[in-house]
Amino acid sequence: MRLILVLAIAGALVGCAASPNSIAPAYVPEMSYEGITCEQIGSELRLIEAKLITLSDMQSQRRAADATMLILIGVSPSLFDSPAAREAEIARLKGASETLRRKAAVMICEVPPIPEDLLPPQPSQPPLVATDVAAQ
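If you use mature numbering (1 follows the signal peptide of the UniProt record, and there is no 0), the sequence shown corresponds to residues -17 to -1, 1 to 119, in order.
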């Protein structure tokens, strides 16, 4: 019985919306931005990353709603209404941002910093104490 419950929960979790941080960037060729100026790169990055923040927030909310519905009724809404289009758009925007930032680096352009909302979460590490250093 316990195994069946574990398998049912694991199967339902597969249907949940993906975390925005777990969505890999899609490949966006640099030729897509051929002839672009540094100013245009900065403007495009601001637009892309603002949209990416909005979609990532929507994806996080969807993921939370899926988890809530899974707990309440045992079924994830994503099983019936796939968030694949939003996930594909997040992947495309991440790829475009990476491509533009690479192009800016090659062209030696000043670009806006990556918004904090888009930075991957940093793993929390315990502080290093003197006894830890001596043991190494």
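No wet-lab data here; the hints were simulated from the structure.
Glycine residues also receive a C-beta, built at the ideal position from the N, C-alpha and C atoms.
Mixed in with the good hints, there may be bad ones.
Computed Cβ-Cβ distance ranges for the label pairs, DEER-style [to be verified]:
no., residue 1, residue 2, range
1, Ala47, Ile91, 37 to 43 angstroms
2, Glu81, Glu22, 24 to 30 angstroms
3, Met90, Leu30, 14 to 20 angstroms
4, Ala88, Leu30, 46 to 52 angstroms
5, Pro98, Cys21, 31 to 37 angstroms
6, Ala67, Ser26, 17 to 23 angstroms
7, Met14, Ser43, 30 to 36 angstroms
8, Pro12, Ala48, 18 to 24 angstroms
9, Glu72, Ala48, 16 to 22 angstroms
10, Ala9, Ala47, 21 to 27 angstroms
Subject >> Pairwise beta carbon distance, Pro98 to Cys21, judged against the given window 31 to 37 angstroms >> reply: Violated: the Cβ-Cβ distance is about 19 angstroms, outside 31 to 37 angstroms.
**OP:** Indicate whether the distance between the beta carbons of Ala67 and Ser26 respects the range 17 to 23 angstroms.
**Re:** Given range 17 to 23 angstroms: violated, Cβ gap about 29 angstroms.
**OP:** For Ala9 and Ala47, compare the CB-CB distance with the range 21 to 27 angstroms and indicate the outcome.
**Re:** 24 angstroms, holds
Original post:
Is the distance from the Cβ of Glu72 to the Cβ of Ala48 consistent with 16 to 22 angstroms?
Top reply: 18 angstroms, holds
**OP:** Please test the hint of 46 to 52 angstroms on the beta carbon pair from Ala88 and Leu30.
**Re:** 19 angstroms, violated
Original post:
Has the hinted range 24 to 30 angstroms been met by the Cβ atoms of Glu81 and Glu22?
Top reply: 20 angstroms, violated
**OP:** Could you see if the CB distance from Met90 to Leu30 stays within 14 to 20 angstroms?
**Re:** Holds - the Cβ-Cβ distance for Met90 and Leu30, about 18 angstroms, lies within 14 to 20 angstroms.
Original post:
Does the hinted range 30 to 36 angstroms hold for Met14 and Ser43 at CB?
Top reply: At roughly 33 angstroms between Cβ atoms, Ser43 and Met14 fall inside 30 to 36 angstroms, so the hint holds.
Original post:
Do the beta carbons of Ala47 and Ile91 sit within 37 to 43 angstroms of each other?
Top reply: 41 angstroms, holds
**OP:** Return holds or violated for the Cβ distance of Pro12 and Ala48 against the range 18 to 24 angstroms.
**Re:** 35 angstroms, violated
This entry does not satisfy hints 2, 4, 5, 6 and 8, going by the numbered hints stated previously.
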